[in-house]
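Quick mapping for you: the protein sequence lines, in order, are chains A and B.
Take 1 as the starting number for the first sequence in my numbering and just add one per residue.
Take 1 as the starting number for the second sequence in my numbering and just add one per residue.
Treat the hints as calculated values from the structure; they're not laboratory data.
Check before you lean on any hint, since a few could be wrong.
Residues of chain B clear of chain A, computed beta-carbon distances all greater than 10 Å [as the list claims (entries may be wrong)]:
1) 148
2) 216
3) 219
4) 287
5) 301
6) 302
7) 334
So the derived list for chain A, only partly shown, Cβ under 7 Å to chain B, looks like this [stated by the list, open to error]:
8) 10
9) 13
10) 17
11) 23
12) 24
13) 58
14) 59
15) 62
16) 63
17) 77
18) 82
19) 85
20) 88
21) 96
22) 102
23) 104
Computed Cβ-Cβ distance ranges for the label pairs, DEER-style [unchecked claim]:
24) 13(A) <-> 290(B): 40 to 46 Å
25) 186(A) <-> 129(B): 42 to 48 Å
26) 220(B) <-> 167(A): 20 to 26 Å
By construction, the Cβ of each residue, glycine as well, lies at the ideal position given by its N, Cα and C atoms.
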Amino acid sequence: MPLLQLEGVSKRFGQVVVADGITFQLEEGASVGVVGPNGAGKTSMFGLISGDIKPDSGSISFEGRDLHRVATPTRCRMGIGRTYQIPQPFEHMTVFENTLVAAQQGARTRGVASYEKAYQSLERVGMAALANRPAGSLALLHRKRLELARALSSNPRILLLDEIAGGLTDAEVVDLSAVIRGLQGEGIAILWIEHVVRALLSTVDRLLCLANGALVADGEPREVLASDAVRTVYLGGRIINESGVS
Amino acid sequence: MKKVRNLDHGADSLVTVRRSRINPLYTLIGAVVLSGLLTWAPWFLPAADVSILQNFFILVIMATMWNLLAGYAGMVSIGQQGFIGLGAYAVLYFAIKGVNPFVAIPLAIIVCAIIALPVTYLLLRLRGGYFSVATWVVANTAMLLILSFTLLGGGTGAALPGLVNLSPDQLNHDRYLSTWFVALVVVVATYLLLRSRLGLVLSSVRDNEVASRSSGTKVTSTRRLIFIVAAAGCGAAGAVLAISQPFIQPGNEFSLSWTAQMLFVSMIGGLGTIEGPILGSIIFFALQQWLQNWGAWYLIIFGAVAVSIAIWQPRGLWGIVRDKFHFELLPVGYRVNDATREPVPRKSDGPSWRSRFARKKDGPESVAT
Ligand SMILES: Nc1ncnc2c1ncn2[C@@H]1O[C@H](COP(=O)(O)OP(=O)(O)O)[C@@H](O)[C@H]1O
Ligand SMILES: [Mg+2]
Chain A
1 MPLLQLEGVS
11 KRFGQVVVAD
21 GITFQLEEGA
31 SVGVVGPNGA
41 GKTSMFGLIS
51 GDIKPDSGSI
61 SFEGRDLHRV
71 ATPTRCRMGI
81 GRTYQIPQPF
91 EHMTVFENTL
101 VAAQQGARTR
111 GVASYEKAYQ
121 SLERVGMAAL
131 ANRPAGSLAL
141 LHRKRLELAR
151 ALSSNPRILL
161 LDEIAGGLTD
171 AEVVDLSAVI
181 RGLQGEGIAI
191 LWIEHVVRAL
201 LSTVDRLLCL
211 ANGALVADGE
221 PREVLASDAV
231 RTVYLGGRII
241 NESGVS
Chain B
1 MKKVRNLDHG
11 ADSLVTVRRS
21 RINPLYTLIG
31 AVVLSGLLTW
41 APWFLPAADV
51 SILQNFFILV
61 IMATMWNLLA
71 GYAGMVSIGQ
81 QGFIGLGAYA
91 VLYFAIKGVN
101 PFVAIPLAII
111 VCAIIALPVT
121 YLLLRLRGGY
131 FSVATWVVAN
141 TAMLLILSFT
151 LLGGGTGAAL
161 PGLVNLSPDQ
171 LNHDRYLSTW
181 FVALVVVVAT
191 YLLLRSRLGL
201 VLSSVRDNEV
211 ASRSSGTKVT
221 STRRLIFIVA
231 AAGCGAAGAV
241 LAISQPFIQP
251 GNEFSLSWTA
261 QMLFVSMIGG
271 LGTIEGPILG
281 SIIFFALQQW
291 LQNWGAWYLI
301 IFGAVAVSIA
311 IWQPRGLWGI
321 VRDKFHFELL
331 PVGYRVNDAT
341 REPVPRKSDG
351 PSWRSRFARK
361 KDGPESVAT
């Protein structure tokens, strides 16, 4: 049984088609990257999986269970953890309290067990020293890491990562990739939207490419990047030049 | 305070989580002393001041409930007078049926909670302004229903029976004590609720509902629970209001001005903190005493204060105290203290409290690797 399965998922906002019959499967512990130009519908696809957005048609199932009537918080408790491209911290709460919410509600832990979960997630992303800082006072980089730590605290079976490496230095990208490979090593499946292709290539073993809401390529990362479909989408290899991969 | 296993430094290193920066023992002692003073107030304060205190407590109850609703759960209700009215009339009903009015107070609270449950299935489908208007409609519906009961006096109202056999002094004394006791229970219960896991959830919903949902929070059931708690709390305010007046009238108990006061008080004190509405209530009564001979200026100054705070200090006056001095009287948050990172413990971390907590909750099994 696949961990996550999308079957002909479609969604439009007025005239804009954000998902156009998306179909793919993800196995347990898989590590998959998602690329595509701005406005392709990548973030919307995460919304459809996490439950923030309701599909117009098609079905999404997780561990064999149809998610159609499953609300967002239940999906999180089932093991779907997501981060937001534009970080959504609980601004007036501390960094630790941010992750504690997910540990208590998403992972259903209590008391000391929830404190451990929340704190260890912060340690994993290197933010333990900022535990008592109000999340609203964090700079963008730390906000993005907090997104990851919070998603991690909910005990996910799959992590939906939405451009968490944007704006990082090369060394930081290497660190982040290592963290994510570590998570994958623990059996957490990864679905990672990223423009920094180098980060993806060092981590994922499969790549999806979205354009205008449709899945235009799906396969081995380097093959996908080299494919005609992806080159057309990116107007002659802009993605390759931008990221320094050639 | 609780110990947490630290990945970087192994199981032996001390990472602790505590719930307040100042020693909670001081807060507890302060609260006990204050409670004692307020309980004995009728013996040493003039009757006029006791009656002001009594009205102050009613406002504190209302503002605390409105803060829970709007400040934490994001439900801007303009219909809480509905539950105040229902609470008052429930006391009247039970008193007419022969129940001692003071005994009827907890019954009225339960009645309001029970009525609130089905109401949430209607209201929680609505968002923002629609929710607010609907709460107002619910309050008016409740009033119209009460008006149709001739037993309860209809539009003219009714006198509360069951208090005639008490001497005026004894009656005033009992009124004060029951009001004070209800206010104490409401504030303490709110504090415990906000310190619990539910409180953390509420804070997260207050800050970011979308992120809270995708972190596993069942926002609607949380809101439902809070709406019921606030209905019960406002019912309690209505119940003590009923016993503090000789006569119960729909126009008074169901008045929109109760909600206006809750809103004003929560806003100037600061939404989203427990202390804010209490501070707001103090300021409200101080202004009222100070301005009572100023006629129309009274309302103008009230309005000016509210508008200034809304513009320049949207987090309220308690927000200034919190941001400037990092001070909380009734802390609900969590502080992490990693001994390996911050080797110098703060002086205020009282050892007695630490060991008490550690013994009580942290068995070795819970911190072992
Ligand atoms: N809630 C919404 N309402 C209307 N349009 C939306 C909404 N969410 C996204 N869109 C539009 O859908 C398109 C896809 O957006 P998005 O999924 O964020 O793309 P990506 O993450 O690939 O950049 C964009 O054109 C965006 O403006
Ligand atoms: Mg996006």
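Structure-based check of each hint:
| no. | hint | in the structure |
| --- | --- | --- |
| 1 | 148 | holds, 39 Å |
| 2 | 216 | violated, 3 Å |
| 3 | 219 | violated, 7 Å |
| 4 | 287 | holds, 28 Å |
| 5 | 301 | holds, 30 Å |
| 6 | 302 | holds, 27 Å |
| 7 | 334 | violated, 6 Å |
| 8 | 10 | violated, 22 Å |
| 9 | 13 | violated, 16 Å |
| 10 | 17 | violated, 23 Å |
| 11 | 23 | violated, 24 Å |
| 12 | 24 | violated, 21 Å |
| 13 | 58 | violated, 20 Å |
| 14 | 59 | violated, 20 Å |
| 15 | 62 | violated, 14 Å |
| 16 | 63 | violated, 17 Å |
| 17 | 77 | holds, 5 Å |
| 18 | 82 | holds, 6 Å |
| 19 | 85 | violated, 12 Å |
| 20 | 88 | holds, 4 Å |
| 21 | 96 | holds, 5 Å |
| 22 | 102 | holds, 4 Å |
| 23 | 104 | holds, 5 Å |
| 24 | 13(A) <-> 290(B): 40 to 46 Å | violated, 55 Å |
| 25 | 186(A) <-> 129(B): 42 to 48 Å | holds, 46 Å |
| 26 | 220(B) <-> 167(A): 20 to 26 Å | violated, 36 Å |
Violated hints for the displayed structure, listed by number in ascending order: 2, 3, 7, 8, 9, 10, 11, 12, 13, 14, 15, 16, 19, 24, 26.
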